[in-house]
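Asker: Produce the entire structure from the sequences given, and follow the hints as far as they go.
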Amino acid sequence: LGTADHPEVVGFCSRFDGEIFIFESSRVLEEAYESGKLGNDCAKATILVAQTTQNLGEWEKTKKFTKKLYTNALIFDTICSVTEKRQNEVVKLSKECDVMLVVGGKKSSNTKKLFDISSGYCKATFLVETASELDEAEITRLCKETLSQPNTVFTVGITAGASTPDDILEEVK
Numbered sequence: 007l008g009t010a011d012h013p014e015v016v017g018f019c020s021r022f023d024g025e026i027f028i029f030e031s032s033r034v035l036e037e038a039y040e041s042g043k044l045g046n047d048c049a050k051a052t053i054l055v056a057q058t059t060q061n062l063g064e065w066e067k068t069k070k071f072t073k074k075l076y077t078n079a080l081i082f083d084t085i086c087s088v089t090e091k092r093q094n095e096v097v098k099l100s101k102e103c104d105v106m107l108v109v110g111g112k113k114s115s116n117t118k119k120l121f122d123i124s125s126g127y128c129k130a131t132f133l134v135e136t137a138s139e140l141d142e143a144e145i146t147r148l149c150k151e152t153l154s155q156p157n158t159v160f161t162v163g164i165t166a167g168a169s170t171p172d173d174i175l176e177e178v179k
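In terms of the numbering used here, the sequence shown opens at residue 7 and continues consecutively.
Calculated directly from the structure, the hints in this document are not laboratory data.
Here the structure is a predicted model, which means the values were calculated and not measured.
Treat the hints loosely; a few may be bogus.
Unchecked claim - So the derived label-pair ranges between C-beta atoms look like this:
no.: 1; residue 1: Lys73; residue 2: Ser20; range: 23 to 31 Å
no.: 2; residue 1: Lys129; residue 2: Ala168; range: 19 to 27 Å
no.: 3; residue 1: Lys112; residue 2: Val88; range: 37 to 45 Å
no.: 4; residue 1: Glu25; residue 2: Ser125; range: 31 to 39 Å
no.: 5; residue 1: Phe160; residue 2: Asn78; range: 21 to 29 Å
no.: 6; residue 1: Thr84; residue 2: Pro171; range: 20 to 28 Å
no.: 7; residue 1: Glu90; residue 2: Val34; range: 15 to 23 Å
no.: 8; residue 1: Asp172; residue 2: Ser125; range: 32 to 40 Å
For every residue, glycine included, the Cβ atom is placed at its ideal position computed from N, Cα and C.
Answerer: Shown next, in the form of structure tokens:
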């Protein structure tokens with residue numbers, strides 16, 4: 007489970023013989039199974055791994071689906087504990103805040119997943135690499151549009167991708 011061209015996924019795949027299938031989501035896995043792409047041989051040796059920055063919800067759905075189909079599958083919980091902690095924290099924070107700032111590289115898999123998770127709970131979620139990308143007027147406009155009772159004071163949550171330097175995070179803060 008992961009992004010096919012991500013270096014970590016490429017590395018995982020280089021260690022396996024036989025058929026290799028890479029899926030970015032549990033939905034894509036289910037569609038592949040339903041269409042027959044995976045074949046019907048549930049007796050095959052099946053190994054499931056995840057890109058360490060994978061979305062935890064997707065990983066849980068994928069494990070559940072795989073266990074139903076392949077009862078003897080070898081499943082390796084490869085998601086990084088720091089990733090797991092940050093994703094759990096961003097769920098909680100984005101439910102409580104009017105605005106969420108996700109700080110990190112726009113090409114970073116980890117940062118993109120934090121942004122996606124936050125966006126699911128907080129419509130006013132912004133992904134920025136540096137403080138210079140913050141647009142106070144746009145943040146205020148979006149808050150007033152998305153909040154049922156717009157205020158002039160907003161609760162802002164800030165999270166960062168695992169590789170975001172502390173000085174960038176402090177600058178955004």
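Asker: Now tell me, hint by hint, if it's right for this structure.
Answerer: Hint check:
{"no.": "1", "hint": "Lys73 <-> Ser20: 23 to 31 Å", "in the structure": "26 Å, holds"}
{"no.": "2", "hint": "Lys129 <-> Ala168: 19 to 27 Å", "in the structure": "25 Å, holds"}
{"no.": "3", "hint": "Lys112 <-> Val88: 37 to 45 Å", "in the structure": "20 Å, violated"}
{"no.": "4", "hint": "Glu25 <-> Ser125: 31 to 39 Å", "in the structure": "34 Å, holds"}
{"no.": "5", "hint": "Phe160 <-> Asn78: 21 to 29 Å", "in the structure": "51 Å, violated"}
{"no.": "6", "hint": "Thr84 <-> Pro171: 20 to 28 Å", "in the structure": "25 Å, holds"}
{"no.": "7", "hint": "Glu90 <-> Val34: 15 to 23 Å", "in the structure": "22 Å, holds"}
{"no.": "8", "hint": "Asp172 <-> Ser125: 32 to 40 Å", "in the structure": "24 Å, violated"}
This entry does not satisfy hints 3, 5, 8, going by the numbered hints stated previously.
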